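Could you slot chain B onto chain A? The hints should help.
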Amino acid sequence: MPKRTDIHSVLIIGAGPIIIGQACEFDYSGTQACKALREEGYRVVLVNSNPATIMTDPEFADRTYIEPITPGCVEKIIIRELNEMKRTSAQGKLVLLPTLGGQTALNTAMSLHKSGVLEKYGVEMIGATAEAIHRGEDREAFKQLMLQIGLDVPISGTAHTLEEARAVADRIGRFPLIIRPAFTLGGTGGGIGYNREEFEEIARRGIDLSPVSEILVEESLLGWKEFEMEVMRDRTDNCVIICSIENFDPMGVHTGDSITVAPIQTLTDKEYQIMRDASFAVIRAVGVETGGSNIQFGMDPETGRMVIIEMNPRVSRSSALASKATGFPIAKIAAKLAVGYRLDEIRNDITRVTPASFEPTIDYVVTKIPRFAFEKFPQADPTLTTMMKSVGEAMAIGRTFKESLQKCLRSLEIGRSGLGGDGKPWRIGTEVYGDRDILPKDLIARRLSVPNADRIFFIRHALRAEFTLEEIYQLTKIDRWFLTQIAEIVTFEEELAATRN
Amino acid sequence: MTSEQLTKAKSLGFSDRQIANLTGHTEDQIRAERKRQGLVPSYRLVDTCAAEFEAYTPYYYSTYDRGDDEVTPSSKKKVMILGGGPNRIGQGIEFDYCCVHAAFALKEDGFETLMVNSNPETVSTDYDTSDKLFFEPLTLEDVLHIYEREKCWGAIAQFGGQTPLNLAMSLKKNGVNIIGTSPESIEIAEDRKLFSAMLDRLKIPQPPNGMATHEAEALEAAHRLTYPVLVRPSFVLGGRAMQIVYTDAELQHYMRFAVEASPDRPVLVDKFLEDATEVDVDCIADVGQFEDPSEGTSVIGGMLEHIEFAGVHSGDAAMVLPAHTLSSGVVETIRKYTHTMARELRVVGLMNVQYAVKGDVVYVLEVNPRASRTVPFVSKAIGVPMAKLAAKVMAGKTLKELGFTQEQRPAYWAVKESVFPFNRFPEQDIVLSPEMRSTGEVMGLDADLGIAYAKSQMAANSPLPLKGRVFISVSDPHKDNVAEVAKEFARLGFQLVATNGTAAILEKAGLHVQRVFKLNEGRPTAIDLLKNKEIQLVINTPSGAAPRADEVKIRTTAVLTGTPIMTTLSGARAAAMGIAALQKSGYEVRTIQEYH
Numbered sequence: 340m341p342k343r344t345d346i347h348s349v350l351i352i353g354a355g356p357i358i359i360g361q362a363c364e365f366d367y368s369g370t371q372a373c374k375a376l377r378e379e380g381y382r383v384v385l386v387n388s389n390p391a392t393i394m395t396d397p398e399f400a401d402r403t404y405i406e407p408i409t410p411g412c413v414e415k416i417i418i419r420e421l422n423e424m425k426r427t428s429a430q431g432k433l434v435l436l437p438t439l440g441g442q443t444a445l446n447t448a449m450s451l452h453k454s455g456v457l458e459k460y461g462v463e464m465i466g467a468t469a470e471a472i473h474r475g476e477d478r479e480a481f482k483q484l485m486l487q488i489g490l491d492v493p494i495s496g497t498a499h500t501l502e503e504a505r506a507v508a509d510r511i512g513r514f515p516l517i518i519r520p521a522f523t524l525g526g527t528g529g530g531i532g533y534n535r536e537e538f539e540e541i542a543r544r545g546i547d548l549s550p551v552s553e554i555l556v557e558e559s560l561l562g563w564k565e566f567e568m569e570v571m572r573d574r575t576d577n578c579v580i581i582c583s584i585e586n587f588d589p590m591g592v593h594t595g596d597s598i599t600v601a602p603i604q605t606l607t608d609k610e611y612q613i614m615r616d617a618s619f620a621v622i623r624a625v626g627v628e629t630g631g632s633n634i635q636f637g638m639d640p641e642t643g644r645m646v647i648i649e650m651n652p653r654v655s656r657s658s659a660l661a662s663k664a665t666g667f668p669i670a671k672i673a674a675k676l677a678v679g680y681r682l683d684e685i686r687n688d689i690t691r692v693t694p695a696s697f698e699p700t701i702d703y704v705v706t707k708i709p710r711f712a713f714e715k716f717p718q719a720d721p722t723l724t725t726m727m728k729s730v731g732e733a734m735a736i737g738r739t740f741k742e743s744l745q746k747c748l749r750s751l752e753i754g755r756s757g758l759g760g761d762g763k764p765w766r767i768g769t770e771v772y773g774d775r776d777i778l779p780k781d782l783i784a785r786r787l788s789v790p791n792a793d794r795i796f797f798i799r800h801a802l803r804a805e806f807t808l809e810e811i812y813q814l815t816k817i818d819r820w821f822l823t824q825i826a827e828i829v830t831f832e833e834e835l836a837a838t839r840n
Numbered sequence: 007m008t009s010e011q012l013t014k015a016k017s018l019g020f021s022d023r024q025i026a027n028l029t030g031h032t033e034d035q036i037r038a039e040r041k042r043q044g045l046v047p048s049y050r051l052v053d054t055c056a057a058e059f060e061a062y063t064p065y066y067y068s069t070y071d072r073g074d075d076e077v078t079p080s081s082k083k084k085v086m087i088l089g090g091g092p093n094r095i096g097q098g099i100e101f102d103y104c105c106v107h108a109a110f111a112l113k114e115d116g117f118e119t120l121m122v123n124s125n126p127e128t129v130s131t132d133y134d135t136s137d138k139l140f141f142e143p144l145t146l147e148d149v150l151h152i153y154e155r156e157k158c159w160g161a162i163a164q165f166g167g168q169t170p171l172n173l174a175m176s177l178k179k180n181g182v183n184i185i186g187t188s189p190e191s192i193e194i195a196e197d198r199k200l201f202s203a204m205l206d207r208l209k210i211p212q213p214p215n216g217m218a219t220h221e222a223e224a225l226e227a228a229h230r231l232t233y234p235v236l237v238r239p240s241f242v243l244g245g246r247a248m249q250i251v252y253t254d255a256e257l258q259h260y261m262r263f264a265v266e267a268s269p270d271r272p273v274l275v276d277k278f279l280e281d282a283t284e285v286d287v288d289c290i291a292d293v294g295q296f297e298d299p300s301e302g303t304s305v306i307g308g309m310l311e312h313i314e315f316a317g318v319h320s321g322d323a324a325m326v327l328p329a330h331t332l333s334s335g336v337v338e339t340i341r342k343y344t345h346t347m348a349r350e351l352r353v354v355g356l357m358n359v360q361y362a363v364k365g366d367v368v369y370v371l372e373v374n375p376r377a378s379r380t381v382p383f384v385s386k387a388i389g390v391p392m393a394k395l396a397a398k399v400m401a402g403k404t405l406k407e408l409g410f411t412q413e414q415r416p417a418y419w420a421v422k423e424s425v426f427p428f429n430r431f432p433e434q435d436i437v438l439s440p441e442m443r444s445t446g447e448v449m450g451l452d453a454d455l456g457i458a459y460a461k462s463q464m465a466a467n468s469p470l471p472l473k474g475r476v477f478i479s480v481s482d483p484h485k486d487n488v489a490e491v492a493k494e495f496a497r498l499g500f501q502l503v504a505t506n507g508t509a510a511i512l513e514k515a516g517l518h519v520q521r522v523f524k525l526n527e528g529r530p531t532a533i534d535l536l537k538n539k540e541i542q543l544v545i546n547t548p549s550g551a552a553p554r555a556d557e558v559k560i561r562t563t564a565v566l567t568g569t570p571i572m573t574t575l576s577g578a579r580a581a582a583m584g585i586a587a588l589q590k591s592g593y594e595v596r597t598i599q600e601y602h
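Sequences listed follow chains A and B, in order. Offset between the first sequence (1-based) and this note's numbering: plus 339. Offset between the second sequence (1-based) and this note's numbering: plus 6.
It is possible that some hints are incorrect.
[Claimed, not checked] Here are the computed lysine-lysine pairs in the DSSO-like style, where the Cα-Cα straight-line distance is at most 27 Å:
| hint | chain 1 | residue 1 | chain 2 | residue 2 |
| --- | --- | --- | --- | --- |
| 1 | A | K342 | A | K374 |
| 2 | B | K179 | A | K763 |
| 3 | B | K473 | B | K539 |
| 4 | A | K415 | B | K209 |
| 5 | B | K113 | A | K374 |
Quick caveat, the hints were computed from the structure, so don't treat them as lab data. Model, not experiment: these values are computed from the prediction.
The shape of chain A in the complex, shown without the other chains (with noise of 0.2 Å):
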């Protein structure tokens, strides 16, 4: 199916400034789709208020607003670009593609879309309908799907006001409750409740910050194991994994914030090919035709019961990721099933034979790390919870996990050059320890069982201080195969702490 033709300009939404939870990875897929959409001869029309972009750079884009993303915004725009359309007697369509701008870009065209702009003016949102967005996005419509098709969710419930949350509460009938805010971004207004008091609080803020008023309570899944699939799916059902990515953090920490590993490292084969399938019936349950969705799913280690947590109906932070681990450009070729090409229409421009229906294999191990700035704000609280807090991030590439973790350690740039060893001290609050002191096992129990930013190091403070395997496990419910990985680290910094005499 080639591509459209009906289409004449497309309108693309960016994702606006750079906040906690929607960085430049906006800027990369924005810039990639223009690349895409011209490459195919449409004509674009960009709106992001971020002049600090490449995208909105004036050879990107046909015609460039630096301009609010707002909703009457937009519309201003709409009118303007039909009117320049109508002078120059434009054959064919305008329609907005509103998947390439992060929760901006979608919230905008949502509102868009139900105040009855799109409908007035006759534009059609490509990438994603309507009603797919809102299957996926609304928290109650898209656990009543999953459970349709079979596929498990946590216990939980939505609220609009305290009673209804204190409803749900009793329902599930145990604490800790998670709660996430309704089209909030990167789950800000979320948090986790280990008491009553601490629930109402967060409740009452959620309900307040979410722009619809309403929140999601769930049963907790603290400790469980955390997974992403990155999908894509084009209008005659081909559907690909780009990437998977396993949490190093379990459950309870925003996936923004986790360590992050592609691809899985500790599912057994008939696992991941269970969670490739659930990724395929839930894109297609959704109903996104023409683009790319991440899929999160939650282990539980004990039972293995698999539940699906959420789903991002749009290229999101994690698609940037996956991008840069596989090198399989997922927002350019978003772009291009947007407007009507299947997968196996589109060329890898890696290989130059493989289509893009090929699933990325990739022979190495990847990394990503988040960076904080808790030395910004120091009255505020850097337990890591749902509510993401990380700046930004980076990423390193090996053959194997411990080499990929330690370069990505050195990566970050907070003065460590690897896990540990580097002869830098380290600052504990008003404590400072030497590199190679062992520290008080107090402190190491109380720093792995919070999860926290330094928490990756506090592992290499307990193999020091003589913790096992079991009882790290325990403290901080990260898979024993990754602590594995990282007591060989430590075991052989010790080998050559050995050799200086």
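Same frame as chain A, now just chain B:
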């Protein structure tokens, strides 16, 4: 250590620095020993197919898992571009923008471009941005390997923010040709003593200042300069641990807990110029290419006047291009100083200068002979790709050849506003300070300054209200000027709300005010009204270094309820100007292709 141990250490990802420290050697010794043993990384392809098919896009990573090296050889002249690494506050997308432009520009000029970066969120790490992409850590060890392996002609360290700049000197010592402004000139700009000496020689004023390596020295400097003083560590980006200090006690606390001062890394102590206007200038020059510096060209890209008074980090301040209140005399002085310093530092590429203007006196605060955070903004505002031109200049072209010799003055306004992550950190006070805390920025463009400002607020997700209530609460130093701002809002049809102190001043000026209680003195308070969405705009200025708990509560509640808040009177004035413009005519949109 045996060679087997060294090999194993590298395959477990240990850096030379870790190995050196653990085994009691220096990093240089380990590197030399590895090279002697032929133990260098091989570069493999990221090819989507686990080497099943031939790959055409040169996207590489290094590994010590010995085996084939997959780098395609070439004989073109190669330039390495050092990226910015992970995003952080103070070093973000702006620097990626500059690196991408460097790659495009040098490709155009026939060079082979090599990008080195470790940040997966970027355009610079897209496989078709440069000729070869190395997804690697930005450390001396990793960068040198690539440079030597690829036999590069030169490397660009000016574009990726502080990360590559910190590497520049040690790279140069190891034989890397750092192109553009010389690392020595960069050091003059960064070293307080050398820099002061240069300004004295050029007769350019800077705020009275001193340096301190310990507490007593800091106190002595502060007494000599008189409070308030601005203190900060040397060699940082993003205003890390930069603070305005008003008393001995604050200064002692700062020296004890906020910084580690040492003879190598002294703390800089500057007289803080209260109520000065700050101006950022981005300039491009090719002067260093010429034997005689007077032959070269230097051109100002843009002058950005801050809306907030001095004391707000330039990464956090709202700015207007072109300058909107400066006299032509002051603008001329700024121009003269900028060109003089560009020639003196023999700049090849970009230079950013921060000025403070008090009365008719123009002081230089800082000079950075490298790409700055504002380069993309200025480029979009004037329609000239500054980073691209700078890269070409660094690789040998002159500005005359490139046809950029004239300063541009746009016939419209460009306003930059910053965006903050305070909604993620509900416990954190939001007052602006010399420590940068914004994560991003937006631009508002319009022929009318008020509309341009209003657009910037809209884009920053804090749209100005057109009617309703304004809650005003200012600290004592601002009480003299608050009535004039409040009058403006009353004239625009807003109802004024205040607590007793501010209310009394406004009433004295003949304004009608709705009084609310201070926290803990009765209900309803401003917090109640904010939560009920009965306040549409907050004007709240902080009372010095130790803000009162209730004012912090008001500010954080404004953030949580999504109510626009101005924490400076100059910000409030700009808001009034924006509201007036919106009320009068609304706004229209326009493409940048039409602006330029």
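Check whether the Cα positions of K415(A) and K209(B) lie no farther apart than 27 Å. violated, 52 Å
When you check the alpha-carbon spacing of K473(B) and K539(B), does it fall within 27 Å? The given pair, whose Cα atoms are some 13 Å apart, holds under the 27 Å limit.
Would the pair K113(B) and K374(A) pass a check requiring their Cα atoms to be no farther apart than 27 Å? Answer holds: K113(B) to K374(A) is near 18 Å, not above 27 Å.
Under the criterion that the straight-line Cα-Cα distance not exceed 27 Å, is the pair K179(B), K763(A) satisfied? holds, 23 Å
Restraint status (C-alpha distance of K342(A) to K374(A) at most 27 Å): holds, 15 Å
In summary, the structure is inconsistent with hint 4 from the numbered list given earlier, while agreeing with all the others.
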